[in-house]
Amino acid sequence: MRVIRTGLINFLRNLSLAMAAIAIMTVTLTIVLFLVITNATFSNTIAQINSKINISVYLNDSVTNQQVSSLEQQLRQLPNVKSVSYVSKDEALAEYKAENSTNTQLLEAIDETGNPLPASIVIEPINIGKIQDIRNFLNKPANVALQDSELGDNYAGDRKQAIDKIAKTTNLLREAGIISVVIFALISSLIIFNTLRMAIFNRRDEITIMRLLGATSWYIRGPFVVESVSYGIIAGLVSILFIRGVFSTASSTLQATSFGLLDIGYANTFFTKHFWLLLTLQLLAGILLGAVSSVIATRRFLKFKS
Amino acid sequence: MILLDRVTKTYNRKSTALDRVSLHVEPKEFVIVVGQSGAGKTTLLRLLTREEKPTSGKIVVGGIDYDKLSDRDIPLLRRKIGVVFQDFKLLPNRTVFENVAFALEIVGMSGREIQHTVPRVLDIVNLRGKEKSMPSELSGGERQRVAIARAVVRQPKILIADEPTGNLDPKHAWDVIRVLEKINRFGTTVLLTTHNQEIVNKLKRRVVTLQGGKITSDRANASYKI
Chain A
1 MRVIRTGLIN
11 FLRNLSLAMA
21 AIAIMTVTLT
31 IVLFLVITNA
41 TFSNTIAQIN
51 SKINISVYLN
61 DSVTNQQVSS
71 LEQQLRQLPN
81 VKSVSYVSKD
91 EALAEYKAEN
101 STNTQLLEAI
111 DETGNPLPAS
121 IVIEPINIGK
131 IQDIRNFLNK
141 PANVALQDSE
151 LGDNYAGDRK
161 QAIDKIAKTT
171 NLLREAGIIS
181 VVIFALISSL
191 IIFNTLRMAI
201 FNRRDEITIM
211 RLLGATSWYI
221 RGPFVVESVS
231 YGIIAGLVSI
241 LFIRGVFSTA
251 SSTLQATSFG
261 LLDIGYANTF
271 FTKHFWLLLT
281 LQLLAGILLG
291 AVSSVIATRR
301 FLKFKS
Chain B
1 MILLDRVTKT
11 YNRKSTALDR
21 VSLHVEPKEF
31 VIVVGQSGAG
41 KTTLLRLLTR
51 EEKPTSGKIV
61 VGGIDYDKLS
71 DRDIPLLRRK
81 IGVVFQDFKL
91 LPNRTVFENV
101 AFALEIVGMS
111 GREIQHTVPR
121 VLDIVNLRGK
131 EKSMPSELSG
141 GERQRVAIAR
151 AVVRQPKILI
161 ADEPTGNLDP
171 KHAWDVIRVL
181 EKINRFGTTV
191 LLTTHNQEIV
201 NKLKRRVVTL
211 QGGKITSDRA
221 NASYKI
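Protein chains in written order, with our numbering: chain A, 1 to 306; chain B, 1 to 226.
These are computed hints drawn from the structure, not numbers from a lab.
Misleading hints may appear alongside valid ones.
[What the hints assert, rightly or not] Which residues of chain A face chain B? A partial, calculated answer using Cβ under 10 Å: (1) Arg2; (2) Ser217; (3) Tyr219.
[Claimed, not checked] Okay, the calculated beta carbon distance ranges per label pair: (4) B:Lys182 / A:Met1: 32 to 42 Å; (5) B:Gln155 / A:Leu279: 26 to 36 Å; (6) A:Leu241 / B:Asp123: 22 to 32 Å; (7) B:Asp67 / A:Thr208: 21 to 31 Å; (8) A:Thr269 / B:Arg112: 34 to 44 Å; (9) A:Leu15 / B:Lys80: 37 to 47 Å; (10) B:Arg128 / A:Leu277: 51 to 61 Å; (11) B:Lys58 / A:Met1: 33 to 43 Å.
[Unchecked claim] Some chain B residues well away from chain A (every beta-carbon gap over 10 Å; in silico): (12) Thr49; (13) Pro75; (14) Leu76; (15) Glu113; (16) Gly140; (17) Ile177; (18) Ile199.
We treat Cβ as the ideally placed atom computed from N, Cα and C, and that holds for glycine.
I would like the entire structure built from these sequences, with the hints used as guidance.
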């Protein structure tokens with residue numbers, strides 16, 4: 001209790017120094033938080049796009065039901081296949097009609113020609129980056145024979161490039177994020193060190209006396225640790241409020257300008273959904289940063305002369 | 001109570017602060033250590049409070065062998081020894097009461113016990129009524145008595161006083177010495193260093209003389225002689 005009280009009093013006394021430490025800690029924690037959310041947003045975008053991508057294999061009209069189920073079976077055994085589904089000629093026609101329900105002329109024309117649409121097998125891959133094995137399988141002569149010679153298969157190839165680009169950007173962002181977090185964590189540790197060193201320097205007589213009177217190292221160190229941990233708590237709170245402000249305005253303004261495929265709205269949803277978890281983690285990070293810095297900063301001053 | 005066996009302390013090759021000093025102090029004794037500046041008095045006391053380690057030799061205080069003492073145990077050792085310094089070492093921004101209470105806070109005594117204990121000790125050093133004064137409002141003698149109160153409030157078996165009268169005029173010096181004698185009568189071993197000839201001569205106690213890091217005389221009921 002005494003240790004905590006002394007620490008808090010010191011915090012108020014060193015307010016100006018404390019502000020510097022809090023400011024830099026806030027910047028560090030804000031960057032961390034921002035990166036976490038950005039990362040989640042990018043992952044979400046990629047996952048969304050992935051789920052929309054599939055391979056359609058258009059089949060010959062002469063293919064029998066037995067051949068279809070055998071092909072489906074073989075496809076399911078491939079390691080990169082998430083799901084396989086069969087769309088019959090009738091289903092394909094119904095779908096097509098539903099999509100073009102407003103175009104009466106087209107519908108009439110189709111009714112007259114019978115059903116020109118082929119049956120197909122829709123394959124959803126687990127990893128769209130590695131569809132080569134599926135492609136190889138479909139290109140086997142026995143399998144090629146089953147496919148519609150004019151349509152073949154469809155890899156949504158135009159999207160693949162965009163997906164690769166996003167994946168690359170995400171990785172780059174993640175790496176840059178980790179580096180900047182490390183740098184800012186170091187800077188803020190240094191500033192906390194300095195703040196504490198000044199505080200220790202101001203109170204060196206008191207510390208000497210405490211030591212001579214038989215105070216344990218932790219009794220002396222405690223208030224300093226409490227002091228910098230409270231920096232961490234404040235910085236954690238400020239950064240989460242800051243980010244909250246940024247996202248609640250950004251999600252409405254940026255949504256309009258649009259970052260292409262990026263779903264900015266998701267960032268806000270993610271933030272709101274995990275608010276308490278993020279707050280806890282943020283506070284923990286702040287506390288840890290403060291505690292570690294202060295323990296290291298005070299260690300040198302508390303060594304007993306030999 | 002205090003045992004030094006051939007204790008040597010050198011700071012570098014040229015200067016030897018203490019040279020094979022052996023000293024034995026019984027419980028409840030009042031021992032005065034005299035010697036000129038640089039004779040090794042302060043080094044001797046700093047070894048006893050474990051602010052420094054001896055280069056060689058054995059030190060045992062209150063049954064604690066310093067060779068077996070880890071850094072972690074040093075605070076516990078210091079709690080058993082009361083120390084008074086020439087420059088008082090009071091906390092300037094705390095009242096008399098708080099300065100004395102400080103020694104008890106460190107050992108984790110409860111607030112109520114502190115409220116109970118501190119006034120009794122201030123009684124012993126004749127500072128009742130000055131509880132709320134700041135050190136800067138006190139005379140040197142009064143400050144030193146605050147420091148003594150702080151040193152004895154935890155009832156140590158040993159009180160070490162390093163030139164406690166060094167900065168005081170004769171009247172205040174005697175106030176301080178009287179308090180030390182009183183504490184000694186309560187059963188505390190007192191080790192006092194001084195170069196005040198008059199005090200040594202009037203006290204008629206055991207006097208240990210240090211010269212150039214060696215004990216040159218050690219006699220009971222002695223007077224000042226260098």
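For each hint, the structure was consulted:
At its closest, the beta carbon of Arg2 (chain A) sits 6 Å from a beta carbon of chain B; the interface hint therefore holds under the 10 Å criterion. Given hint, Ser217 (chain A) at the interface with chain B, holds; its Cβ is 8 Å from that chain's nearest Cβ, closer than 10 Å. For Tyr219 (chain A), the suggested interface contact is upheld, since its CB lies about 6 Å from the closest CB of chain B, less than 10 Å. The beta-carbon spacing between Lys182 (chain B) and Met1 (chain A), approximately 35 Å, falls within the hinted interval of 32 to 42 Å.
The given range of 26 to 36 Å is broken by Gln155 (chain B) and Leu279 (chain A), whose C-beta atoms sit roughly 50 Å from each other. Distance hint check: the CB atoms of Leu241 (chain A) and Asp123 (chain B) are about 55 Å apart, inconsistent with the given range 22 to 32 Å. As the Cβ distance of Asp67 (chain B) to Thr208 (chain A) is approximately 25 Å, the hint placing it in 21 to 31 Å holds. Between Thr269 (chain A) and Arg112 (chain B) the CB atoms are about 55 Å apart, so this pair departs from the stated range of 34 to 44 Å.
Judged by the Cβ atoms, the range 37 to 47 Å given for Leu15 (chain A) and Lys80 (chain B) holds: they are separated by roughly 39 Å. The hinted window of 51 to 61 Å between Arg128 (chain B) and Leu277 (chain A) holds, with their beta carbons roughly 59 Å apart. In this structure, Lys58 (chain B) and Met1 (chain A) meet the distance hint of 33 to 43 Å, their C-beta atoms being roughly 41 Å apart. Non-interface status of Thr49 (chain B) relative to chain A is broken: a Cβ of that chain comes within 10 Å, the nearest being about 7 Å off.
Not every Cβ of chain A is farther than 10 Å from the Cβ of Pro75 (chain B); the closest lies at roughly 4 Å, contradicting the non-interface assignment. Separation of Leu76 (chain B) from chain A is inadequate, the least Cβ-Cβ distance of about 7 Å not exceeding the 10 Å criterion. No beta-carbon of chain A comes within 10 Å of the beta-carbon of Glu113 (chain B); the shortest separation is about 13 Å. Residue-level check passed: Gly140 (chain B) sits 18 Å from the nearest beta carbon of chain A, beyond 10 Å.
Even its closest Cβ contact with chain A, about 22 Å, leaves Ile177 (chain B) beyond 10 Å, as expected for a residue assigned away from the interface. Remark: the non-interface label on Ile199 (chain B) is consistent with the geometry, its nearest Cβ contact in chain A lying 24 Å away (cut-off 10 Å).
Hint compliance for this structure: hints 5, 6, 8, 12, 13 and 14 are broken, all remaining hints hold.
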